[in-house]
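Each chain, written out:
2 protein chains.
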Amino acid sequence: MNVDVKQPVSVNEFDRLSAYWIMTFVGNPRIAVRLWNGNEYYFADGTPVGVMEFRDRSALINLLLSPSVGFGEGYSKGNIEIHGDILEFLNEVAEAFVRRRDQGYYSSKFRSLLRALRGNTLARSRNNVHHHYDLGNDFYEMWLDEHMAYTCAYYEHPDLTLAEAQVAKFDHVCRKLELKSGQDVIEAGCGWGALAMHMAEHYGVNVKAYNNSHEQISYAREKAAARGLSDRVEFVEDDYRTISGQCDVFVSVGMLEHVGLKNYRALGRIIDRCLRPTGRGLIHSIGRSHPRPPDPWISKRIFPGGHIPSLGEMTSIFEPFKFSILDVENLRLHYARTCDEWLQNFEKVSDKVRETYSEEFVRAWRLYLGGSSAAFRSGTLQLYQVVFAPRGNNDVPWSRKYLYSPDSAGD
Amino acid sequence: MNVDVKQPVSVNEFDRLSAYWIMTFVGNPRIAVRLWNGNEYYFADGTPVGVMEFRDRSALINLLLSPSVGFGEGYSKGNIEIHGDILEFLNEVAEAFVRRRDQGYYSSKFRSLLRALRGNTLARSRNNVHHHYDLGNDFYEMWLDEHMAYTCAYYEHPDLTLAEAQVAKFDHVCRKLELKSGQDVIEAGCGWGALAMHMAEHYGVNVKAYNNSHEQISYAREKAAARGLSDRVEFVEDDYRTISGQCDVFVSVGMLEHVGLKNYRALGRIIDRCLRPTGRGLIHSIGRSHPRPPDPWISKRIFPGGHIPSLGEMTSIFEPFKFSILDVENLRLHYARTCDEWLQNFEKVSDKVRETYSEEFVRAWRLYLGGSSAAFRSGTLQLYQVVFAPRGNNDVPWSRKYLYSPDSAGD
Chain C
89 MNVDVKQPVS VNEFDRLSAY WIMTFVGNPR IAVRLWNGNE YYFADGTPVG
139 VMEFRDRSAL INLLLSPSVG FGEGYSKGNI EIHGDILEFL NEVAEAFVRR
189 RDQGYYSSKF RSLLRALRGN TLARSRNNVH HHYDLGNDFY EMWLDEHMAY
239 TCAYYEHPDL TLAEAQVAKF DHVCRKLELK SGQDVIEAGC GWGALAMHMA
289 EHYGVNVKAY NNSHEQISYA REKAAARGLS DRVEFVEDDY RTISGQCDVF
339 VSVGMLEHVG LKNYRALGRI IDRCLRPTGR GLIHSIGRSH PRPPDPWISK
389 RIFPGGHIPS LGEMTSIFEP FKFSILDVEN LRLHYARTCD EWLQNFEKVS
439 DKVRETYSEE FVRAWRLYLG GSSAAFRSGT LQLYQVVFAP RGNNDVPWSR
489 KYLYSPDSAG D
Chain Y
89 MNVDVKQPVS VNEFDRLSAY WIMTFVGNPR IAVRLWNGNE YYFADGTPVG
139 VMEFRDRSAL INLLLSPSVG FGEGYSKGNI EIHGDILEFL NEVAEAFVRR
189 RDQGYYSSKF RSLLRALRGN TLARSRNNVH HHYDLGNDFY EMWLDEHMAY
239 TCAYYEHPDL TLAEAQVAKF DHVCRKLELK SGQDVIEAGC GWGALAMHMA
289 EHYGVNVKAY NNSHEQISYA REKAAARGLS DRVEFVEDDY RTISGQCDVF
339 VSVGMLEHVG LKNYRALGRI IDRCLRPTGR GLIHSIGRSH PRPPDPWISK
389 RIFPGGHIPS LGEMTSIFEP FKFSILDVEN LRLHYARTCD EWLQNFEKVS
439 DKVRETYSEE FVRAWRLYLG GSSAAFRSGT LQLYQVVFAP RGNNDVPWSR
489 KYLYSPDSAG D
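Chains C and Y, in that order, are what the protein sequence lines are. Residue numbers 89 to 499, in the numbering used here, belong to the letters of the first sequence in order. Residue numbers 89 to 499, in the numbering used here, belong to the letters of the second sequence in order.
Think of the hints as simulated: they come from the structure by calculation, not from any bench. Errors might be hidden in some of the hints.
Same chains, same names: a pair is fine if it fits in one copy or spans any two.
Stated by the list, open to error - Quick list of in silico lysine to aspartate or glutamate cross-link-like pairs, EDC-like style, CA-CA up to 20 Å:
{"#": "1", "residue 1": "Lys436", "residue 2": "Asp226"}
{"#": "2", "residue 1": "Lys489", "residue 2": "Glu229"}
{"#": "3", "residue 1": "Lys165", "residue 2": "Glu141"}
{"#": "4", "residue 1": "Lys436", "residue 2": "Glu266"}
Isolated chain C, as found in the complex (with noise of 0.2 Å):
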């Protein structure tokens, strides 16, 4: 988009540092500042992207003592407008981000470290998920796809729909985790259900899946019984925290962002108590390049409790039980394109979110699905695969090849 920059007439020196501190602060991205009484500010080369205009000084004094916080409230409540493009500025925002060499690896790691003292009691973590989850189920059926998928889909071909996708993605955690007809399957956190019923209905295993969202367990058994798998799906409303019996195969898609750091032994010590030694597991999930500690404004609004793990924080629910790595797949792009479609899904229904709950809902959905979306295109934000076996399990493949062998899915 062209951005017509125009030159500062009258400069508050106060605002114009402000803005020239935020933009320094996120990289420098061809991004203009427009204030409240109409100046303008671009401190980049080339032509700006887009524009961000503060509706007064409150809104600039927030980003400024806040930056995520500030930004994103900000752009809720309609204090902050953005002109253009909202994926293109995100785009341009996160790549920014990343392109600034930043010093702070230890720090984080710290900051990483004192989050993760904090809490997340039974009582607490339920309170999370209804946070997020319980919001209806009305609402996630109007923007995800048919099968109520809220992770990460598979783009086995570039052509695939989101719903194809997400087909594609169980089935591909059920190649990778090589299911056998009469296995017993224990899933972590299951959403709506739709990869436990896939797994019990495609490779005929007996799956126990667990979740502690009132409204998507009651969502899942009802699917289960019209779809006549009542009797090879388990749901169990309850945390991951009490999961017992013992299985062949353990799996959990987009659980662990939930968990917390410091529950990630506890979450080891559950699988190695449930897991048969000849078995395998596969956990999915959001992560980072580096430990770093949640961002503030999502912790706030999106996800209360949440903690995105690097690969090496990942490795502390294996390595004290001896769990060996197989293999460790990073689908970041795939999380891209996913959230570009929630997105768009979710701005064709935005006058039906409108009505129900508000104006401020809707903004900042639209700046999580946007966001979400530039985190994983920059590399803000990868998605793993790990699978893991018992240690001494040889009951493995010797190559990955199976897995992109066109006969080699269920049925």
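Place chain Y on chain C using the hints.
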């Protein structure tokens, strides 16, 4: 095999308890113990797969005081004899050790850290490498494959020979790196130069390959000249810490084992400095399922100064520099088979080796090769190939399918 286990007639209680303690420590393998006086003890169930004979009491006491060095040196010097197939014997011991549930995770982690605090100065690391690799090219030529590859082979198909599987490994690495003609490649720790020459010859890249073993570099230069590759492969006789210049691809196969944990951050900094933002890297290393100090006998006799990292420890190369880990593959079963083939080749020339070196040398190497095979097969050791890229590099494949397509090799 069948072993005739005599019931003890006259029992020296100290000797019996020592034998019992050793077998319990190892996890009760199906191994009988024979003493210098003819007494035999067997504490496990089932038929023994071998007999460990102590030729005198000092061999027994040395093993008690320091299990790894006591066994390694005792066997090498002939004060301990193994009756039965040595590989069966070692596999049984390694499996028993893995079955044994030890709770020492944190103490291992602490010992691993202590070890890491000891140094690998430039001078010492040159000495360490001389110890092993400057035994003489003639020695390794006797039992390695014709390419002189002294790292894990890749049995892409089960019927490959060792030499074919080493070439398959080169191609597997090159495909993971998506080598393109004209690219600049830096290789850290190039051994006898086989991978460097393969990359230049079949993928048209320019390689700068580092190694601080004088014997190996001389050999590699001679081969490159004979193959007409001297203009495309530069062999540098120097430590990886002196690496300079920029590259599109960084690769290191089988060097990390010698780097030492406390130098991982320095290695990461070197990669960060030399790898272009659009680049890609691969580190191939022996690994462990969990942090553990090096085996004392291996440290003393075979690889002084080395450290075998867990995957979590390996991430400390990448995370401080925010590299994005793209792919991790575990090839431990391939390394078990590689070691088996090395041991077979070694046994064929053991008479010749004995002439040049000594019986003690032959026995030490037999134990080292057989013990390594057993360690990879039992899961005591892993083999990780880690592919990574600078954060934000989106020129990465969406799927790993291309790795397994027949038309993706060089030429």
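Structure-based check of each hint:
| no. | hint | result |
| --- | --- | --- |
| 1 | Lys436 to Asp226 | within (15 Å within a copy, 72 Å between copies) |
| 2 | Lys489 to Glu229 | neither (36 Å within a copy, 32 Å between copies) |
| 3 | Lys165 to Glu141 | within (13 Å within a copy, 80 Å between copies) |
| 4 | Lys436 to Glu266 | neither (38 Å within a copy, 40 Å between copies) |
The structure does not agree with the numbered hints 2, 4 stated previously, though it agrees with the rest.
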